[in-house]
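Engineer: Chain B with the ligand: place on chain A using the hints.
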Amino acid sequence: MAEYKMTTPLTNEDIEKLRIGDIVYLNGTIYTARDAAHKRLVDLIEEGKELPFDLQGSVIYFVGPTPPKPGEPIGSAGPTTSYRMDSYSPILIKHGQKAMIGKGKRNQAVKDACKEYKAVYFGATGGAGALIAQRIKSAEVIAYPELGPEAIRRLEVEDFPVTVVNDSYGGDLYEEGRKKWARD
Amino acid sequence: MREIAYEDLVKSVKAMVMHTATHLPEDALKAIQKAYDNEESEVAKSVLKQILDNAQLASKEDRPLCQDTGLAVFFVNVGEDVKVVGGSIRDAINEATEAAYKEGYLRASTCDCFDRHNLKDEVGYNLPAMIHFDIVPGDKIEIEYAAKGGGSENVSRARVLAPAQGKEGIKQFVKDVISEAGPNPCPPIIVGVGIGGTFEIAAKSSKHALFREAGTKNPVPELDAFEQEILEELNKLGIGAMGMGGTQTVMAVHIEKNPCHIASLPVSVNVQCHSSRHSHITL
Ligand code: SF4
Chain A
13 MAEYKMTTPL TNEDIEKLRI GDIVYLNGTI YTARDAAHKR LVDLIEEGKE
63 LPFDLQGSVI YFVGPTPPKP GEPIGSAGPT TSYRMDSYSP ILIKHGQKAM
113 IGKGKRNQAV KDACKEYKAV YFGATGGAGA LIAQRIKSAE VIAYPELGPE
163 AIRRLEVEDF PVTVVNDSYG GDLYEEGRKK WARD
Chain B
2 MREIAYEDLV KSVKAMVMHT ATHLPEDALK AIQKAYDNEE SEVAKSVLKQ
52 ILDNAQLASK EDRPLCQDTG LAVFFVNVGE DVKVVGGSIR DAINEATEAA
102 YKEGYLRAST CDCFDRHNLK DEVGYNLPAM IHFDIVPGDK IEIEYAAKGG
152 GSENVSRARV LAPAQGKEGI KQFVKDVISE AGPNPCPPII VGVGIGGTFE
202 IAAKSSKHAL FREAGTKNPV PELDAFEQEI LEELNKLGIG AMGMGGTQTV
252 MAVHIEKNPC HIASLPVSVN VQCHSSRHSH ITL
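Chains A and B, in that order, are what the protein sequence lines are. In terms of the working numbering, the first sequence has 77 at position 65, counting the first letter as 1, and numbering is strictly consecutive. In terms of the working numbering, the second sequence has 55 at position 54, counting the first letter as 1, and numbering is strictly consecutive.
So here's chain B without its partners, still in its complex pose:
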């Protein structure tokens, strides 16, 4: 059994979290640049220019890209033949998250659902991290991370459709969600669509779909074609960058599909704003 020291795990995750708050990844930068190049509306183009300038400034001066530095979301694949010595993986991730948010001067945004008070002093600074674990073959730990802001989460939706509604029904649902969202999730956006599974698996898939690099093809030809079809429909809405009207509203649609119950067709839409801060490490 391979061993990884707790401290090493904390160190790697902390570095990743801090870096992600200030550096937009290559795939997001390229997608925004492409939107800028293709945009026909002058107003929207000037917004996209600001977004690109902001990314450049943030990485040069190590400043948070956005003041909503998000909740810390992790997908963690733990190999069956590896163990962490000196503490639990969950504790390591939480410790790293808290340290990164504090030392990076990032905003603590976790609060109690009812009285809305910030949890930074009791649970921890921007804790708890939102962690999804999976167990996989091998002796590695793979960690995918995203700093997920509130604006784009607020417009995300899930619904269980009737099987007869099929692909048309899915497309219509996605379109309704994005149309209703309008300017609020800071377009241009990436749209994660989780199809099938049970209610919660559809939702989780729609989030995980956002971790795929923008600009990469879905490996399943049928899903790739469906993604392109939905993307085209969504960009007809005319919402544009920051909702000011334009041709470039959605930079990519990413679908993850699972088998589902014969009686149902769950579908979930998770929206990612243009500040698509994500990264991954393998230990």
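In isolation and in its complexed conformation, chain A is listed as follows:
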């Protein structure tokens, strides 16, 4: 279990270093998107159109924050359950996305895509929305404002804490961790 500080966009070299259980402190730009935004991104790819941000090396955070209080960049902003993005993530990974941040299990197609195209799935601590928001220095809606909490936001983050759940070697922390600690 190693600890790394990494700055986005992430490279294949960054990804190759990471193994399940490693803790990573992310710096730089990350993007938020949930199901509705994912669907639109995938539609754009299929239509051959330009995306609202550069996918190469990108990190997408699955989050629907609370409304910000006046003068603050963002409200509480912990991860949402990731399986709702399972049908979209492999397509985005194929087109250059390097990491996802969420909570909960992913399906085999996502894990396969992580292996084939070198990407990782990070877990953030669900229900730690106030703590995580402190690491978000700015937030700006860059697409689909009509989706409200589900709009795509560009976040600037400092030492944003995540744990590697699925690495690019087929590892799965949820399965391995459970195997290690299960009794009987």
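If you are wondering where the hints come from, they were derived from the structure by calculation, not from laboratory data. Check each hint, because a few of them may be wrong.
[Said to hold, decoys possible] In the SDA-like style, the derived pairs of lysine to any residue whose C-alpha atoms are separated by at most 25 Å in a straight line are:
#1 K12/B - P80/A
#2 K12/B - S280/B
#3 K17/A - G182/A
#4 K50/B - E15/A
#5 K121/B - R52/A
[To be verified] Pairwise CB distance ranges, derived in the manner of DEER restraints:
#6 I132/B - I103/A: 41 to 49 Å
#7 L56/A - A163/B: 49 to 57 Å
#8 E15/A - R117/B: 34 to 42 Å
#9 P129/B - L56/A: 34 to 42 Å
#10 P80/A - K84/B: 36 to 44 Å
#11 P129/B - A14/A: 43 to 51 Å
#12 A163/B - T23/A: 52 to 60 Å
#13 I136/B - L56/A: 23 to 31 Å
#14 I154/A - I132/B: 37 to 45 Å
#15 K191/A - C114/B: 32 to 40 Å
#16 I154/A - R117/B: 20 to 28 Å
[As the list claims (entries may be wrong)] So the derived list for chain B, only partly shown, Cβ under 10 Å to chain A, looks like this:
#17 A22
#18 D69
#19 A100
#20 K103
#21 G105
#22 S110
#23 N119
Even for Gly, the Cβ is constructed at its ideal location relative to N, Cα and C.
Structural biologist: Just chain B with the ligand now, kept in the frame of chain A:
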């Protein structure tokens, strides 16, 4: 007949709803602290530390504990000898909920089931509140409240077992539900189990069981023993905090039992994530 003014009811409920979004109650804090103290996995321990730090920060700075500020769930016991003047109890609760969610900068999470659009502009901001009423003797109104997030509701299940499956069958069902849920409901969790009644009463009991303070004993010795037995089984699963592997997956099991039909054995499992935001008032 005792009277309570509509405005007073709105005011009290609103204050409770706002406070609950940002302050984890004592029983939940203690249960998480206990999980932290007992956890053997380093990875899980660091997650539990984050959860405790988050609770401290949220209450200090009045920030929502979690971005999923939940649907507003109420169990309301209305005394036979009390009435609210100036409006209905349901309207008061809905008005208070909407005001609290708006003014507290909480997230509106109610939507239409089919087209999924948010109902904040037509029905109201995070409305309707989910309210269960009961009529009881006395001249008080007792209100139990929880902000219930989606992650832990999504893994909750109900089933009608065959009577012959008995307690073993119930235990197996609970174990299957929690095992399948894995990391998704943000463990460490509290597991509410509703047994008996009809299909819907089992489900309602499993939700109501979550309102009991964690760390308190079930007053029925047989159920208390059954709770401990199930708790031990569940913590053998090794799921751990946020599913990252560990010994502390379930902080408590709470059972509510009702008489049932001779032909059936309904059982329902409602899961509560570690962000166990609940409180109650008596007026
Ligand atoms: S399951 Fe609970 S802690 Fe986790 S995101 Fe949902 S409301 Fe928050």
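Engineer: Now look at each hint and say whether the structure bears it out.
Structural biologist: Hints, one by one, checked against the model:
1. K12/B - P80/A: At roughly 24 Å apart (the allowed maximum being 25 Å), P80/A and K12/B satisfy the hint.
2. K12/B - S280/B: Roughly 15 Å separates the two Cα atoms, so the pair holds.
3. K17/A - G182/A: 22 Å, holds
4. K50/B - E15/A: Cα-Cα ~17 Å, so holds.
5. K121/B - R52/A: Distance ~23 Å between K121/B and R52/A Cα, so the pair holds.
6. I132/B - I103/A: 41 to 49 Å: 42 Å Cβ-Cβ, so the 41 to 49 Å window holds.
7. L56/A - A163/B: 49 to 57 Å: For A163/B against L56/A, whose Cβ atoms are near 52 Å apart, the range 49 to 57 Å holds.
8. E15/A - R117/B: 34 to 42 Å: 39 Å, holds
9. P129/B - L56/A: 34 to 42 Å: 36 Å, holds
10. P80/A - K84/B: 36 to 44 Å: 41 Å, holds
11. P129/B - A14/A: 43 to 51 Å: 49 Å, holds
12. A163/B - T23/A: 52 to 60 Å: Holds, at about 57 Å.
13. I136/B - L56/A: 23 to 31 Å: Violated - the Cβ-Cβ distance for I136/B and L56/A, about 55 Å, lies outside 23 to 31 Å.
14. I154/A - I132/B: 37 to 45 Å: 39 Å, holds
15. K191/A - C114/B: 32 to 40 Å: 38 Å, holds
16. I154/A - R117/B: 20 to 28 Å: Taking Cβ atoms as reference, I154/A and R117/B lie about 22 Å apart, which means the hint holds.
17. A22: 9 Å, holds
18. D69: 7 Å, holds
19. A100: At about 15 Å, which exceeds the 10 Å cut-off, the nearest Cβ of chain A leaves the hint on A100/B violated.
20. K103: Check passed: Cβ of K103/B comes within 9 Å of chain A, closer than 10 Å.
21. G105: 9 Å, holds
22. S110: Hint holds; S110/B Cβ to chain A Cβ min 8 Å, cut 10 Å.
23. N119: 6 Å, holds
In this structure, the hints that do not hold are numbers 13 and 19, in rising order.
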